[in-house]
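Novice: Listed here are the chains, written in short residue letters.
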Amino acid sequence: MKSLRTWFESGSPWVWLSAGAVSLCLIAVFGLIYLIAVNGLPHFWPARIAEIDYRDADGARQILIGEIVDRELKTGADRASGGEAQVLMKLGNRDIYGLDFRWVSERGITRIEYPREIIAVEREEWGNLYGYLAGVEEGGRRVVSADDPIAELGARLGRRHELKARISHIEKDLIGGVNYEMENLRLRQRRLELDGVKDPGSFAAIRDSQKALEAEYERLNGDLAKLNEDIGRDGIVVRVAGGQEVKLPVAKVIRVYQPNRMSVAEKLGHYVEKIGEFVSGDPREANTEGGIFPAIFGTVLMVLIMAIVVTPFGVLAAVYLREYAKQGLFTRIIRIAVNNLAGVPSIVYGVFGLGFFVYFVGGTIDRWFFPEALPAPTFGTGGLLWCSVTLALLTVPVVIVATEEGLARIPSEFREGSYALGATKAETLWRIVLPMASPAIMTGLILAVARAAGEVAPLMMVGVVKLAPSLGLDGSFPYLHLDRKIMHLGFHIYDVGFQSPNVEAARPLVYATALLLVLVIVALNLTAIRIRNRLREKYRAAEY
Amino acid sequence: MNEASLNNLKAIEGAGAASGLRNWRFVKDRWVRHVMAFGGISVIVAVLLIFFYLLSVVLPMFRPAALEARAEYGVPGGADAETLYLGTEEYAEIGLRLTARGEVIFFATGDGHVLDSKRLPIPAGASITAVGAGEPSQGAVAVGLSDGRALLFQAQYINTYPGDKRRITPGVRYPLGPAPLKIAEDGQALTRLAVQSHADQTTLAATTEGDQAILVSFKTSRSLLGDTTAVERKAAVIPATYGGVTHLALSVKQRDLVLASAEGFLLYYDITNTPHLIDRVNAVSNGARITALAYLSGGISVLTGDSRGRITQWFPLRAQDNRYSLARVRDFQSQAHPITVIVPEYFRKGFAAADESGSIGLYHATAHRTLLVTEGAGQALGHVAISPRADALMTLDRARGLRFYTVHNEHPEVSWSSLWGKVWYESRQQPEFIWQSSSAAGDFEPKFSLTPLAYGTLKASFYAMLFAIPIAVMGAVYTGYFMSPAMREIVKPTVEIMGALPTVILGFLAGLWLAPLVEQNLPGVFAALLMTPLAMILSAWLWTRLPASWRQSVPEGWEAAMLMPVIALSIMLSMGLSAPLEAFLFDGNMRAWLGRELGLAYDQRNSLVVGIAMGVAVIPPIFSISEDAIFSVPRHLTLGSLALGATPWQTLVRVVLLTASPGIFSALMIGMGRVVGETMIVLMATGNTPIMDFNLFTGFRALSANIAIEMPESEVNSTHYRVLFLAALVLFAITFISNTIAELVRQRLRLKYSTL
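For the protein sequence lines, the chains are L and X, in the order given. Numbering of the first sequence is given in this note's numbering, commencing with residue 1 and proceeding in unit increments. Numbering of the second sequence is given in this note's numbering, commencing with residue 1 and proceeding in unit increments.
Don't read these hints as lab results, they were simulated from the structure. Bear in mind that the values here come from a model prediction, so they are computed numbers and not experimental data. There's no promise every hint is true.
As the list claims (entries may be wrong) - No farther apart than 25 Å at their CA atoms in a straight line, the calculated lysine-lysine pairs in the DSS-like style are these:
#1 L:K198 to L:K211
#2 L:K164 to L:K90
#3 X:K182 to L:K538
#4 X:K219 to X:K165
#5 L:K274 to L:K466
#6 L:K172 to L:K252
#7 L:K252 to L:K90
#8 L:K164 to L:K247
#9 L:K274 to L:K90
#10 X:K165 to L:K198
#11 X:K219 to L:K326
#12 X:K28 to L:K326
As the list claims (entries may be wrong) - Across the chosen pairs, the derived CB separations fall in these ranges:
#13 L:V69 to X:F526: 28 to 34 Å
#14 L:W103 to X:R750: 38 to 44 Å
#15 X:G110 to L:L187: 33 to 39 Å
#16 X:F526 to L:W103: 48 to 54 Å
Glycine is no exception: its CB is placed at the ideal position from the N, C-alpha and C atoms.
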């Protein structure tokens with residue numbers, strides 16, 4: 001007993017307790033990343049599809065086909081007694097059953113099988129369809145299937161993908177381009193009217209271009225109609241659980257696979273393909289399916305523009321503070337201001353960005369440069385530029401602090417040596433100081449980018465939307481469209497996770513998106529940390 | 001030094017071919033210097049810009065109203081007939097004046113020239129003896145005649161846009177036909193009249209020469225083909241009027257009638273069926289009289305003005321026993337002379353009042369704000385009219401003619417006391433803190449109380465800090481003082497990465513993973529909170545029991561790594577125990593138990609979840625800054641303490657923590673700043689209902705989340721928009737103050753360390 005008391009008096013348990021606090025932090029970090037990975041990664045793995053015989057509470061017998069997603073004990077007293085287990089089945093076929101997830105009591109399952117013939121059909125709408133392939137149709141007539149209906153279907157799917165690519169090219173690139181041009185012409189005409197140009201020649205030129213574009217549009221529309229007719233040729237018939245046969249146009253089918261038949265290698269291939277689609281595809285079904293490419297693209301583009309804006313200002317301010325300003329009250333005030341800027345809640349930046357950048361600056365730009373588009377705002381509404389500028393303001397302290405730290409580490413001998421050789425201060429700065437500080441600047445920039453990539457709250461106000469019709473960078477002049485709304489990974493997580501009508505179905509996708517975002521941010525931070533550590537080592541060596 | 005060296009350089013080289021280059025270099029140097037200064041100063045400018053921009057958006061809310069005189073002219077249409085009613089339309093371009101002769105004169109408000117004049121179809125032999133106007137937004141006016149009948153009319157303004165310019169054509173229509181309606185059965189002249197007319201329902205209340213108060217309602221029904229209309233008339237005598245009635249007011253819903261009596265009583269009637277008296281209150285102090293009576297827009301509150309210049313707001317309240325009574329809500333005592341007329345605004349809860357001295361006051365009921373009181377000219381104003389948009393005002397008196405003003409009064413709804421104090425909103429039992437910025441109803445009284453939101457922010461901060469401080473500070477203590485350098489190399493970057501995790505991900509996990517988990521395993525969560533520290537101490541003790549050879553094989557400073565499996569196990573064990581504990585201690589359902597035994601409501605997304613998630617978000621900054629302070633405590637201090645025989649823990653508590661305490665304090669301030677402004681976590685992990693209780697198991701709505709939710713749909717420069725900016729300014733101010741304190745403390749600490 002005495003030993004216990006002295007042990008407590010020595011403070012050793014408190015040391016352990018504080019060690020425990022550190023362990024908790026470590027567990028939190030690794031646990032979070034693990035949690036996200038574990039929930040996000042399996043989403044793309046082709047899960048086995050079960051066929052079960054189910055007798056519900058009323059004794060009615062049903063056959064259900066679907067993935068078994070989750071198993072849970074019921075809450076409360078039942079749970080304590082080991083009570084009734086329930087499994088969550090993803091039944092798919094949302095268009096037929098109305099809901100694609102269902103809790104079933106484990107007790108009611110009398111038979112569970114994994115038939116090799118079951119197919120999973122990935123569709124453009126209504127989520128997955130599970131069932132048996134009953135036949136393939138062409139032009140409404142059942143095609144006598146070959147020995148292997150799946151292979152037969154495969155060829156038709158290949159044709160569908162090819163046609164689809166052409167349709168998408170026409171719809172998005174060609175017709176989109178024509179529409180964009182038409183809008184530009186309309187604006188040019190309005191501009192001429194506003195400028196009071198009376199010269200009929202300019203108007204005639206515009207009208208001619210409009211006519212040409214209209215003809216082009218007609219032609220494209222004709223092509224499109226023909227392609228749409230072509231793609232509508234094939235159909236498949238699927239027998240779903242319960243024996244009902246469902247017809248499905250091949251045009252709406254993205255992929256058909258038989259997960260119960262696939263080998264591990266095939267599953268792996270499928271997995272990689274799905275991840276590729278996730279990263280490079282467009283979202284479908286109110287963002288709950290498909291890919292997140294526009295969100296990735298929007299985030300990257302926004303962060304790049306932000307980096308271009310933030311770097312000069314951050315470096316300038318840091319160099320001024322460290323190299324030019326006389327250290328004293330004034331620099332102290334600036335440093336406090338910088339730290340304050342870093343501490344201001346991001347939502348305040350959002351409010352400021354909305355009021356100042358979007359409404360005030362953007363509104364002014366519109367009145368001066370884009371009067372032809374009014375009352376539709378061009379820059380007077382949230383968009384890529386304002387997102388980037390708002391985030392630049394938000395991250396400028398990060399760059400300043402990191403750069404200043406880098407500058408402070410450069411031994412003054414280097415500067416003095418440069419002066420001694422007759423260099424001016426500007427030359428010393430440009431040739432000696434900045435190159436030596438560049439890794440520090442880089443660190444700051446990386447940290448700023450990491451911060452910006454994860455920030456959501458301010459962006460919700462200055463131009464991030466749940467679904468942007470077009471990317472901020474494309475083939476139409478002026479290529480970079482600073483006024484367009486963008487999609488953003490962080491906002492995508494918030495939106496799909498909390499605002500989507502089918503949260504349960506979207507959840508794995510949100511985890512996958514979160515995983516991607518976390519990986520990017522962790523990688524950026526680790527890089528920054530590595531650079532900083534190397535830098536410290538280097539100057540430690542230089543100091544002695 | 002640099003300047004000097006350059007000058008030397010110049011002196012040595014003298015003039016020559018190189019001087020051009022040198023000058024260029026010199027210019028470049030100068031130029032760079034300016035650019036750099038610009039960069040540095042622009043940072044301060046940015047901070048100031050944010051602050052002043054937010055302020056510039058917020059300030060107009062607190063500006064008093066102003067009346068700007070635009071035009072002044074003689075009574076339009078001539079002053080020989082008495083004016084009975086004055087009104088205007090949407091754009092305040094056309095005014096309407098009703099004369100005692102029954103002329104409706106439309107005039108241009110800009111210069112008073114008569115645009116049109118219509119004569120009401122008043123039967124020969126009758127004259128106008130009373131006039132009453134309905135809810136301004138409905139625009140019905142009734143004139144009472146000397147033969148006991150009344151005529152209802154409505155001014156009508158038709159907007160056309162010939163040549164892209166607006167033209168307003170005024171006209172008069174008669175909703176119940178141009179024939180006068182019988183009001184007094186006995187044909188006595190009407191002395192006072194109140195009216196409300198909406199769609200097919202019209203109600204008139206009147207007093208007659210014989211001091212009888214009567215109520216008549218008309219219900220119009222159209223035949224199926226729409227060619228004939230039948231008017232159903234219902235009349236009743238208003239009982240118990242207690243003597244002479246001086247004023248009448250009808251609510252817009254035509255369900256309530258308020259009478260003011262000569263003795264200063266306010267009589268409140270329910271007229272849904274047969275009129276019956278609900279409540280009778282003395283509305284004035286001794287010796288005063290009620291001199292004006294009007295309904296506020298929306299038809300819930302009644303305003304009385306008395307002979308001492310006091311204006312009082314009343315509305316009916318339902319008591320426990322379902323009986324209504326008229327409650328005195330607030331008084332305005334800004335004018336010194338008897339109030340002659342009270343004119344409500346069309347859509348807001350504001351009103352204008354004029355007194356006998358001719359002074360005009362602009363008020364807002366909800367905000368309890370007197371926005372403006374003008375100097376009176378000594379003569380009572382007969383009529384005051386407010387335009388529908390409340391941006392123009394007209395006054396008319398026979399002697400001085402008509403005056404037309406532009407009103408600058410965009411944000412009367414908000415005052416400092418209504419933002420932060422309790423406000424007695426219409427139909428509420430008592431003054432309350434409510435945030436309810438918008439509603440589908442048009443005559444909605446916006447409730448802008450920032451207190452519940454600030455309360456939510458504080459609640460979130462409190463629970464988050466409660467969770468974060470022990471972990472962050474203790475972790476910092478261990479990492480900064482006990483941990484082996486090798487492990488520190490791992491821990492520091494890990495915590496940094498923890499700090500870099502986007503809050504949207506923390507919020508998402510909190511809302512979609514943690515919240516259901518906590519809900520299902522509530523006893524387990526508390527068990528984990530209790531068991532984990534115990535498990536740590538227990539394993540520490542067991543460690544001392546281990547053979548020395550084992551212990552020595554592990555170098556010092558790796559306790560944290562060894563504890564990781566212990567903690568993971570204890571958490572898992574707690575979660576596993578959750579169900580049995582729930583069955584054993586809480587009858588199988590802890591949430592129900594909480595409600596039953598402690599009266600605590602339980603929401604799935606609650607403060608506990610937010611506290612944990614936000615705690616995770618603020619541990620890193622607190623940890624890093626505290627660790628910095630602890631790690632940089634000069635070694636000779638701790639070594640001295642150890643040399644004098646103190647144990648490491650004693651050294652830590654008495655020497656290290658004491659020295660580093662300002663650094664830890666500044667870490668806490670910075671953590672506080674982070675928590676207060678955090679948005680995504682509170683947005684995603686709470687229900688975002690603006691309620692005020694400190695229950696750990698309910699949600700709240702924080703200032704930051706409120707901005708994120710409402711900002712995108714708020715109209716630019718509206719009061720709502722500015723209030724949200726105020727919320728942002730409050731957040732800015734809180735973080736500014738806490739960060740500045742933290743920074744000052746830190747700078748001082750650095751100075752101290754350097755002298756130690």
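Novice: Quickly compare the C-alpha distance for K252 (chain L) and K90 (chain L) to 25 Å and report which way the hint goes.
Specialist: Measuring from Cα to Cα gives roughly 21 Å; hence the hint holds.
Novice: With a cut-off of 25 Å on the C-alpha distance, tell me whether K164 (chain L) and K247 (chain L) pass.
Specialist: holds, 20 Å
Novice: Using the C-beta atoms of W103 (chain L) and R750 (chain X), is the stated range 38 to 44 Å upheld?
Specialist: Given about 59 Å between the Cβ atoms, the range is violated.
Novice: Checking one constraint from the list: CA of K164 (chain L) to CA of K90 (chain L), max 25 Å. Satisfied?
Specialist: Violated: K164 (chain L) and K90 (chain L) sit about 28 Å apart, past 25 Å.
Novice: Is it true that V69 (chain L) and F526 (chain X) lie within 28 to 34 Å of each other by Cβ?
Specialist: holds, 29 Å
Novice: Taking only the CA atoms, is the gap from K274 (chain L) to K90 (chain L) under or equal to 25 Å?
Specialist: holds, 19 Å
Novice: Mind checking the hinted window 33 to 39 Å against the Cβ distance between G110 (chain X) and L187 (chain L)?
Specialist: holds, 37 Å
Novice: Check the hint pairing K28 (chain X) with K326 (chain L) against an upper bound of 25 Å on the C-alpha distance.
Specialist: It holds: about 20 Å lies between the C-alpha atoms, which stays within 25 Å.
Novice: When you check the alpha-carbon spacing of K165 (chain X) and K198 (chain L), does it fall within 25 Å?
Specialist: The hint holds at about 23 Å.
Novice: Does the alpha-carbon distance linking K219 (chain X) and K326 (chain L) stay inside the 25 Å limit?
Specialist: violated, 84 Å
Novice: Can you confirm whether the C-alpha distance between K198 (chain L) and K211 (chain L) stays at or below 25 Å?
Specialist: holds, 21 Å
Novice: Under the criterion that the straight-line Cα-Cα distance not exceed 25 Å, is the pair K274 (chain L), K466 (chain L) satisfied?
Specialist: It holds: about 22 Å lies between the C-alpha atoms, which stays within 25 Å.
The structure is inconsistent with the numbered hints 2, 3, 4, 11, 14, 16, although it conforms to all the rest.
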